[in-house]
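Visitor: So the chains spell out like this:
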Amino acid sequence: MRELVSEPDGSAVPSVTTEAVDPVPGAGAPHLPQQPDLVQLLSPEGERLEHPDYSIDVSAEELRGLYRDLVLVRRWDVEATALQRQGELGIWASLLGQEAAQIGAGRAMADSDTAFPTYREHGVAWTRGVDPLHVISLFRGVDNGGWDPVATGFNLYTVVIGAQTLHATGYAMGLQRDGAESAALAFLGDGATSQGEVNEAMIWAASFSAPVVFFCQNNQYAISVPLERQSRVPLYQRAAGFGFPGVRVDGNDVLAVLAVTRAALAAAREGQGPTFIEAFTYRMGAHTTSDDPTRYRLASELEEWKLRDPIARVKAYLSRTGVADAAFFDAVEAEGDELAKRIRSGTVEMPDPPGTAMFDRVYAEQTPPLAAQQAEFEAYQASFEGAGH
Amino acid sequence: MTETLTIGKALNLGLRRAMEDDAKVVLMGEDIGRLGGVFRITDGLQKDFGEDRVVDTPLAEAGILGTAVGLAMRGYRPVCEIQFDGFVFPAYNQIVTQVAKIHARSRGRLPMPIVIRIPFGGGIGAVEHHSESPEAYFAHTPGLKVVAVSNPVDAYWGIQQAIAHPDPIVFLEPKRRYWEKAEVDTDATPDPLFASRVVRGGDDVTLLAYGPMVKTALQAAEAAAEEGRSIEVVDLRTLSPLDLDPVVDSVRRTGRCVVVHEAPVTLGLGAEIAARVTETCFHSLEAPVLRVGGYDTPYPPSKLEEEYLPDLDRVLDAVDRAMGF
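Sequences listed follow chains A and B, in order. So in the UniProt record's numbering, spot 260 of the first sequence is number 260, and the numbers just go up one at a time. So in the UniProt record's numbering, spot 181 of the second sequence is number 181, and the numbers just go up one at a time.
Treat the hints as calculated values from the structure; they're not laboratory data. This one's a predicted model, so the numbers in the text were calculated from it and none came from an experiment. Even glycine gets a Cβ: it sits at the ideal position worked out from N, Cα and C. One should not assume that every hint holds.
Stated by the list, open to error - Derived Cβ-Cβ restraints for the label pairs, each shown as a range: (1) F87(B) - G87(A): 38 to 48 Å; (2) P190(B) - R229(A): 52 to 62 Å; (3) S290(A) - V38(B): 45 to 55 Å; (4) F377(A) - E128(B): 36 to 46 Å; (5) D57(A) - L35(B): 43 to 53 Å; (6) A275(B) - Q381(A): 15 to 25 Å; (7) L370(A) - T189(B): 25 to 35 Å; (8) N144(A) - T280(B): 26 to 36 Å; (9) R107(B) - E335(A): 23 to 33 Å; (10) T186(B) - A379(A): 43 to 53 Å.
To be verified - Examples of chain A residues toward chain B, derived with CB under 10 Å: (11) F116; (12) V159; (13) M358.
Whole structure, please, built from the sequences with the hints as guidance.
Guide: Okay, structure coming up:
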């Protein structure tokens, strides 16, 4: 609707506002439990909740395991940010605040499922047994990710936004053809939902009923641009337009994410086609270490989200129920310190790759012209040997 | 067995052989199933191999290439048909940022044996975006290989060799020559895919062409012969990697080189070839390497394409200029 706004000098200027569509229900609300359609099994205060569609039965050991995962990936993340500040990494994309979304999704996967991450899924990498140093090596500029995507079922990071959603869908079409009882899990962010390729992936997935789950971490910002610029409807509602279910889950609730993702993956494996999961969360840190979030968001917003911290609520629940005691929490802290030490020394001691590495594996069958270039390069480099360089 | 085949039918038979040889070969594209493709290159294949192996995809080129990447990761060998050259660009992101790089960035753990078939070039009186020659974009991209066939024999064997090859290949088909016929010996031993070939011997000028321009080059050589000029014609066949050994051997004899393609001249394949030939044959050259190609304009409306496209006269004009130095 159009309304006239008086300027201080008395002139009237037209101002455009939109209809009363709240694109992100609950984003500004202080208490997430009141948000409609949000699946939550553990409140920010650490209270166990029930949901009619999603129940979960986790053992004490699993609960402690999830807590340990959350703490360790945060410790890894904090250490990596510090290493970048000290010049040891070129850049780091922090997962701070998104630990529950990633651990929940990763732990929902079966061994034979395959993840197609963006560049921020360090928590999922952790659940797939990827060595943190193999992720760090990418951000240090040593390689493009040192892990084995086939052995881990965790694909390489994809930096071009949304491209991996099509890979996941194609992979899922391969699973279908193989008669495999496995699924693909495509990760994406809120910004990626604007990409044409992501929309194509969802069309493909629907048309072929492919066993793929789209796991969207809505962390509210695409670098600096808030969700309102990407979507005028809540993201999970987009799925209906493609013809498959969409679910919004509290992305800071590891139990709810685990339950919702498990159900979606199971449905995919059983031939029921794709699901879109919107994990409603918040990027508590910067987009990357090159970013300055104070330029585009208020400090109060971060303070509000700190009250919904994904780790604090699990700790509260574990303490209250007696599933874990102080000795357990201390042991996890100590393990985190050890991990950080290993990451630090492993990073600092990581050797630079040899110059010839850039020629390696450009092709499965190297071409004669490229072999000639490599030989030229090697001869050029060799010309400096013994010349004091 | 020897059969007379058009380029189109040779491709169809080659695809059929490749699908029989390897159950992991999957064809993907728009209208390639029931319809058999707008040029009928996949005619009858869905009927014989089923909808899972000859996939009528949604109408989205990025989706075709992006899902092909995923299928390749799962061990399949996707063969993607792009309906017309000008429609490859929605898929350009996937081809350049993903298909071309994944083998390298995964350090060989994720091979990308994807073939991207593109009917390319003009001369069929089509509306815009149906007559383009995008080869340089792909030849400029490390990680891709690019080949262009010019005749039924290479079409029949080349498509099979491309599908069996472990690297991603942009496979360019000369759409205006789809109906050209030749004898194809389906029991022969084919030439390697990544090799240029001298298709007519000569002593005065080396004329290089690929895809639809090979026929034009041969016609030019024939016409020049009537005037007593001896032109050697090389069908480049492989655009990335270039195989310039036969070219270098030829130019060292003739001292003159003319490159022909439909694509715009500026920064086209001819520019790279001119540089390479100059670097390797400098002391043998009697004249600068000359290029004949499309003008640096958008591909024109079809009433102007005869003026735009290199033809026999423009090629002979360049040969005259080369001889005049």
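Visitor: Does each hint fit the structure? Answer for all of them.
Guide: These are the hints, each one checked on the structure:
1. F87(B) - G87(A): 38 to 48 Å: Distance hint for F87(B), G87(A) holds at roughly 46 Å.
2. P190(B) - R229(A): 52 to 62 Å: holds (54 Å)
3. S290(A) - V38(B): 45 to 55 Å: holds (47 Å)
4. F377(A) - E128(B): 36 to 46 Å: Between F377(A) and E128(B), where Cβ atoms are some 43 Å apart, the hint holds.
5. D57(A) - L35(B): 43 to 53 Å: Holds, since D57(A) and L35(B) (Cβ atoms, about 52 Å apart) stay within the stated range.
6. A275(B) - Q381(A): 15 to 25 Å: holds (24 Å)
7. L370(A) - T189(B): 25 to 35 Å: With a Cβ separation near 27 Å, L370(A) and T189(B) satisfy 25 to 35 Å, so the hint holds.
8. N144(A) - T280(B): 26 to 36 Å: holds (34 Å)
9. R107(B) - E335(A): 23 to 33 Å: Given about 31 Å between the Cβ atoms, the range holds.
10. T186(B) - A379(A): 43 to 53 Å: At roughly 45 Å between Cβ atoms, A379(A) and T186(B) fall inside 43 to 53 Å, so the hint holds.
11. F116: Result: holds, 8 Å to nearest chain B Cβ.
12. V159: At 8 Å from the nearest chain B Cβ, V159(A) passes the 10 Å test, so the hint holds.
13. M358: holds (9 Å)
Violated hints for the displayed structure: none, as all numbered hints are satisfied.
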